[in-house]
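One letter stands for each residue in the lines below.
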Amino acid sequence: MTPTATMRLALLLCLALPGVAAATAYHVQQDESTLGFTATFQGAAFQGSFSRWHADIRFDPARLANSKFDVTVDTTSAATGDADRDGALPGADFFNATKYPQAHYLTTGFTRLDGSRAIAHGNLTLRGVSHPLNLTVTFTPQPDGTALMDVTGTLKRLDYGVGGGEYADTSVIGDNVTIQAHLVLSTK
Amino acid sequence: MLRNDAYRWGAVAKFFHWTIALLILGNGVFGLLMDLASTPMQKVNWLALHKSIGLTVLALFVLRLLWRLGNRPPRELPAPRWQLLAARAVHGLLYVLVAALPLSGWWFNSVRGYPLQFFKLFNLPAIAAKNPDLRRLSHEVHEYLFWFLLLVLLAHVGAALKHHVFDRDDVLRRMWPFARLRHGPKGDSA
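So the protein lines, in turn, are chains A and B.
The numbering of the first sequence is numbering that gives the first Met the number 0, which starts it at 0 and goes up by one.
The numbering of the second sequence is numbering that gives the first Met the number 0, which starts it at 0 and goes up by one.
Everything labelled a hint here was simulated from the structure, so no lab data went into it.
Any given hint could turn out to be false.
One side only, chain A facing chain B, incomplete, derived with CB under 8 angstroms [said to hold, decoys possible]:
no.: 1; residue: 36
no.: 2; residue: 41
no.: 3; residue: 43
no.: 4; residue: 143
no.: 5; residue: 166
no.: 6; residue: 170
no.: 7; residue: 171
no.: 8; residue: 173
no.: 9; residue: 174
Here the structure is a predicted model, which is why all the values come from computation and not from measurement.
Positions of the beta carbon are idealized from the N, C-alpha and C atoms, including for glycine.
Please build the complete structure, drawing on both the sequences and the hints.
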């Protein structure tokens, strides 16, 4: 095969298999990004946030097949603005952080919603339990080449045994917990 | 009779008086025993019940006040002037304390930043901003108000018994459910 023919073939392959090209790998601007949750206690919502977490983000709305989230969260780093609650969260009844110091989320695929939104399919491993968790991703590229990404999804805490035993009473502590992440991304 | 007449309290006034008395006393003792909860979650549930009962007292107090404003109390029985004044002072103080106890609890709950839920039915807003500096003070105000209420109640109950046992008049009977008056007109009792 002549070099020209090889190049033509390569070009053809690229056109035929656009998904093979890797999605953009981003660097998370940790200082400007947040990862937190909203839960309910006695009918009132409260916010929590994690101070230590790491996210590997590869994302391109046009190349979802090659996009990937790999997120690790330090379960001892949750703060909710209440000393009693923050003292209880890492304990054995809730995150059991001594035994399970990390939560992990890994995507298995994405579904396009529209030009800027997609559903991330993946598994969350929390407190040693893995469950499928879908997240809604809103991706907003910025003129300067950075991008904003807002991620939200809802899990059931009891699926993971968070707050088991007498804390399983969902009339006091709601089962649904909403995850929210706001990521400021720059290209690597 | 639902309404008061010149001789005795009506059924509605009696209902408010005795229901509030039982609830506020029971809830006060319950509040003092909170630390006996064996688990944190039990304490959370006990506190939630304590708060709901306290809100019930506050709601009953508002209704009672409205009822009283539209319904003249029975005539005061003859007594030395100082006793009439003392009785009015004690009654006024009890009204203030019946309102102040739940309100101070609400304040304590607010500065502590706790949610306030009425029997798991709906939530009520905070009446003060969360403020860790006021936690101790608001707790003590709430608790000491109850001790003060007990003190005033001692005078109230003591005076009622004095009238009943020594003066043998109708002061207690006209508030007592279903009691017949000794000296008043005969007729329906409520």
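task = Would you pick out the hints that fail for this structure and give their numbers low to high?
result = The structure breaks hints 1, 4, 8 and 9; every other hint is satisfied.
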